[in-house]
Each structure stands twice: as C-alpha cells, then as structure tokens.
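**Student:** If you read the protein sequences in the order shown, they are chains A and B. Under the working numbering, the first residue of the first sequence carries the number 1, and numbering increases by one thereafter. Under the working numbering, the first residue of the second sequence carries the number 1, and numbering increases by one thereafter.
Watch out, some of these pointers could steer you wrong.
Simulated restraints, written as ranges between beta carbons of each label pair [stated by the list, open to error]: (1) A:Val56 with B:Lys157: 48 to 56 Å; (2) B:Asp360 with A:Lys3: 58 to 66 Å; (3) A:Gln68 with B:Lys204: 29 to 37 Å.
Capping the alpha-carbon separation at 16 Å, the derived lysine to aspartate or glutamate pairs in EDC-like fashion look like this [unchecked claim]: (4) A:Lys9 with B:Glu230; (5) A:Lys3 with B:Glu220; (6) B:Lys311 with B:Asp335; (7) A:Lys9 with B:Asp158; (8) A:Lys34 with A:Asp72; (9) B:Lys157 with B:Glu234; (10) A:Lys13 with B:Asp158.
Derived from the structure by calculation, the hints contain no laboratory data. We put the beta carbon where it would ideally sit given N, CA and C, even for glycine.
Residue-level listing of the chains:
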Amino acid sequence: MIKPGDGYKSIPKGGLILEGGNAKRYNTGGWRTKKPVLDKDRCINCHLCWAFCPDVSILSKDGVVSDQIDYDHCKGCGICANECPVNAIEMVKE
Amino acid sequence: MSSKVALTGNEALAQAMRQINPDVVAAYPITPQTAMVQTFSQFVADGEVDTEYVTVESEHSAMSATVGASAAGARAMTATAANGLALMWEVLYIASGTRLPIVMPVVNRALSGPINIHCDHSDAMGARDSGWIQLYAENAQEAYDNAIQALRISEHKDVMLPTMVNLDGFITSHAVESLEILADSDVKEFIGEYKAEHHLLDSKNPIAVGPLDLQDFYFEHKMQQSIAMENSKEVILEVAKEYKELSGREYEFFEEYKLDDAEIGIVALNSTAGTAKGAVDNLREQGVKAGLLKIRVYRPFPGEEIAEVLKSLKAVAVLDRAESFSTNGGPVFGDIRSILYNIKADVEVVNYIYGLGGRDIKVGEIESVYRDLEEIIDSGNVKNRVSHLGVRE
Numbered sequence: 001m002i003k004p005g006d007g008y009k010s011i012p013k014g015g016l017i018l019e020g021g022n023a024k025r026y027n028t029g030g031w032r033t034k035k036p037v038l039d040k041d042r043c044i045n046c047h048l049c050w051a052f053c054p055d056v057s058i059l060s061k062d063g064v065v066s067d068q069i070d071y072d073h074c075k076g077c078g079i080c081a082n083e084c085p086v087n088a089i090e091m092v093k094e
Numbered sequence: 001m002s003s004k005v006a007l008t009g010n011e012a013l014a015q016a017m018r019q020i021n022p023d024v025v026a027a028y029p030i031t032p033q034t035a036m037v038q039t040f041s042q043f044v045a046d047g048e049v050d051t052e053y054v055t056v057e058s059e060h061s062a063m064s065a066t067v068g069a070s071a072a073g074a075r076a077m078t079a080t081a082a083n084g085l086a087l088m089w090e091v092l093y094i095a096s097g098t099r100l101p102i103v104m105p106v107v108n109r110a111l112s113g114p115i116n117i118h119c120d121h122s123d124a125m126g127a128r129d130s131g132w133i134q135l136y137a138e139n140a141q142e143a144y145d146n147a148i149q150a151l152r153i154s155e156h157k158d159v160m161l162p163t164m165v166n167l168d169g170f171i172t173s174h175a176v177e178s179l180e181i182l183a184d185s186d187v188k189e190f191i192g193e194y195k196a197e198h199h200l201l202d203s204k205n206p207i208a209v210g211p212l213d214l215q216d217f218y219f220e221h222k223m224q225q226s227i228a229m230e231n232s233k234e235v236i237l238e239v240a241k242e243y244k245e246l247s248g249r250e251y252e253f254f255e256e257y258k259l260d261d262a263e264i265g266i267v268a269l270n271s272t273a274g275t276a277k278g279a280v281d282n283l284r285e286q287g288v289k290a291g292l293l294k295i296r297v298y299r300p301f302p303g304e305e306i307a308e309v310l311k312s313l314k315a316v317a318v319l320d321r322a323e324s325f326s327t328n329g330g331p332v333f334g335d336i337r338s339i340l341y342n343i344k345a346d347v348e349v350v351n352y353i354y355g356l357g358g359r360d361i362k363v364g365e366i367e368s369v370y371r372d373l374e375e376i377i378d379s380g381n382v383k384n385r386v387s388h389l390g391v392r393e
C-alpha cells in the first residue's frame, strides 16, 4: 500500500495501483457542502435513493433503507433527495 | 540461418514485425509508412502471424489502442510518420508515463504545413522529450536490426519505456536495399516471450492503470521515468552485444567513421550519415583529416560518450534535419554544444539545418561543410554559428 510521503524508490511504476477496491479508502465526504438527512417516518422504503446514489452511500440492510448514510463517501450531490418521491430526504447545510 | 534479401525499408520493417509476431498491432496508414503496415496487414490476412490487427480511424486511436493492448499485457506495436505522430502526441506521453514497452517504427517525414510528404526529422525531433527511447538508422539493415533490439530494450525490467525506431522517409523507406534478415526462429528466441509484471487481464491480481496522479505523486513517477531512461543506456549496450553474437552486426550508441585521427567532424543522423561517409572518403583522398559521428541512440542522449569522442577535434558541424525555430540552431546542435560545454572542450561547434521537406543533400554539399570547418580552424573565426544548407535565397 502506498502511503502519503512515499518516495520514487518504493512506489509502483507508472502510477499503477496494484490492488482492487481501494477507492473505499479515499474519503470523498470532505467535498460535501450539504448532507442528506433521511426522515424514517416519511420513508416508504422504495429504494430509489439507494439505486440512484452514484457513491453507494445510501445503505440498505435486510431489505430496509438505513438512515445511517455513509458520510465518509457521500459527496452531497443531492440526487437521493431529488429522486425521493415522498420528500423524506432533506439536504442540510454542513 | 539468416538470409540475404532485397527489400525496401518499409518491407524490411514489416518483416521484422512479422518475425516479432506482436499480440496486437493497431495502425493507421500514412505516407511514407503505408507500405509497412499494408505489408504487415497482408501477413495477418495470410495467417503468417497471430496478431490481432486493429484497423483504427486515426493515429490518436492507433496509439490509444496500442496503449490499451499493452496495459492488458500484450506485446503491442504500431507505426507512423509525420502528422500521424503529431496526432498521437498526447498518447505518446501516456504510453511512456504509464511505462508501456511499445515499439513503434517512425518513418521520418516533414510536418505540414505547407503540406509535404518527404523526409526530414521534424516529426521525431518534436517527440524527443516525450519519454520514448529513440533509435535512428542509416539504412534498411540498421532499421531492421534496431526494431528487433528495441523489443528487448523496451521490455527490460529496468527500462519499461516505449521505443521509436526511426528511418528516413522515402530515402530508406522506399529504396530497395540488400540486407540480411535473421531466421524467424532466431528472432523468436532472441526476443523471447513478453510477460508483463502487472497487467489488466490478470484477474487474480487486479490493478488500476492510469489513475489521477496529482501534486503528491506525479513528480515521483517522472523521476522513475528519468531513472529508467538512464538505466536504458546499459541495457541498449547489453542487447547490442547479444545481438552481435546472433547477427555479426555491431551496434553502439553511435558510430565513429574515420574519427580516430580526425581534426574536423560532422555529426549526423539517419541516411545523411551514408552521404557524409562518401564526403569523408573523398576528402581523405585529398589528405583532409575528416570524420563522422553518426548518432544511433538520440534518446537517451549519450552525452558523456559523445563528448569524449568529439573533444579531440578542432571543429565540429552538427547537421540537423529539423528546424527548432529557437533562432539558436536545431535540436541536435543544442544537445551537442551543451555536452561540450560541460567538459569545457576547446572545439568550435557550428550548425547546419538542411534537407527540410525532403530537399536532397548531396556529397558535394557535405564536403562544403567540411571546407567551412577548415576555414574556421584557419581563421579562428566562426562567421555563421547556424547556417541553412541548400536553401535558395
């Protein structure tokens, strides 16, 4: 694994990343200016937000959409709030 | 067993590509390279090679497809000339920056405009800083030999850089020459099988190729490229030594022609070196101590080695078949003068830009350059640091 500050003698050549699935380690949540907040009382569990989220940040467990959003990777794009048919998601300023 | 054949430079390179039998070739035809990829595509159609030939719609796509194939672990080649090379430009840097060992013959031709299809080196000289190794050839034999050696140089683990195999448009690409080509089995054995250390089709070891590389690591990757280019010098000599055992033909960074006791010398690349040898022979008969240094490896630039040879001369003329428009002379001149400054050599160096757009260069003109050098020594004065040879006023 490459660490910040590593020098040219130790990093892979040509910018190669020699492992898969490592985008998880890049927390893009810091890009966000507004965060989605899900109101479970209004939610009808349709999963549209889950399907549309480009960052897999809406989580679903045992067939139920969770209000525990992955804020480490949610960029705050607001697509989930836009797609929600019952306005259960509000974009709240950070 | 090698065999003596009569081929054009393009046909010789197509034969080299047939013997290399690359996994993938993605190429677009452009004069004067066309006959090379056309002949090779016939080998593909006739089943003489196993190559996947990708017919692309431009050189940008040709180099992109070659990059993709190489990243997937294939031995991938393409070929181009002039404006085709120019259209590949951004992808050239991606190939070298991603450390893909692509080998590409470049049939040197003037860049438009005005539109011209004939020989000069403005295409390859523009790409001299793209991170590709550049080999140059006086004739079809050398171009063929360079192509075979280029595979080994590029794919060496300490190098992993792409190589351009340069030859002069029409002069070398279209003239029929007698040359020796190696036996297919010898080439196969010499180049071996290419096994990429990391590649995209290795599903057990997934990798990402070409990710965003910003302030924090890009510089380190460029440093690695620079070190690889430095490493390539030793590899180029090692491969040449091994190739000599196979072919009997000797290659180094450059060829010295009658330089041992020379007082005046010319530095040239590609086919003009052959013409200059004729001029040297004529002048030697008249008792003039003239010599020639023919550069084979221009990137990496074997500066220290060239300086070591040129420092014993009194005056040197560098022939550039490309204008840099710096108003300070051509690209090779800049490199040569710079290395002589490093060792504080007491040798006058002048520059002649010549042969642009295929303008013929004759033995007599090169003799006149040597005469100019004699005058510089006699008078102690340099009248013109940079001249344009063979242009009409």
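**Student:** Next, verify each hint and record whether it holds.
**Tutor:** Do the hints match the structure? See the list:
1. A:Val56 with B:Lys157: 48 to 56 Å: Distance hint for Val56 of chain A, Lys157 of chain B is violated at roughly 38 Å.
2. B:Asp360 with A:Lys3: 58 to 66 Å: For Lys3 of chain A against Asp360 of chain B, whose Cβ atoms are near 59 Å apart, the range 58 to 66 Å holds.
3. A:Gln68 with B:Lys204: 29 to 37 Å: holds, 34 Å
4. A:Lys9 with B:Glu230: OK: Lys9 of chain A and Glu230 of chain B at ~15 Å, within 16 Å.
5. A:Lys3 with B:Glu220: The hint holds at about 13 Å.
6. B:Lys311 with B:Asp335: holds, 14 Å
7. A:Lys9 with B:Asp158: holds, 13 Å
8. A:Lys34 with A:Asp72: holds, 13 Å
9. B:Lys157 with B:Glu234: holds, 12 Å
10. A:Lys13 with B:Asp158: OK: Lys13 of chain A and Asp158 of chain B at ~11 Å, within 16 Å.
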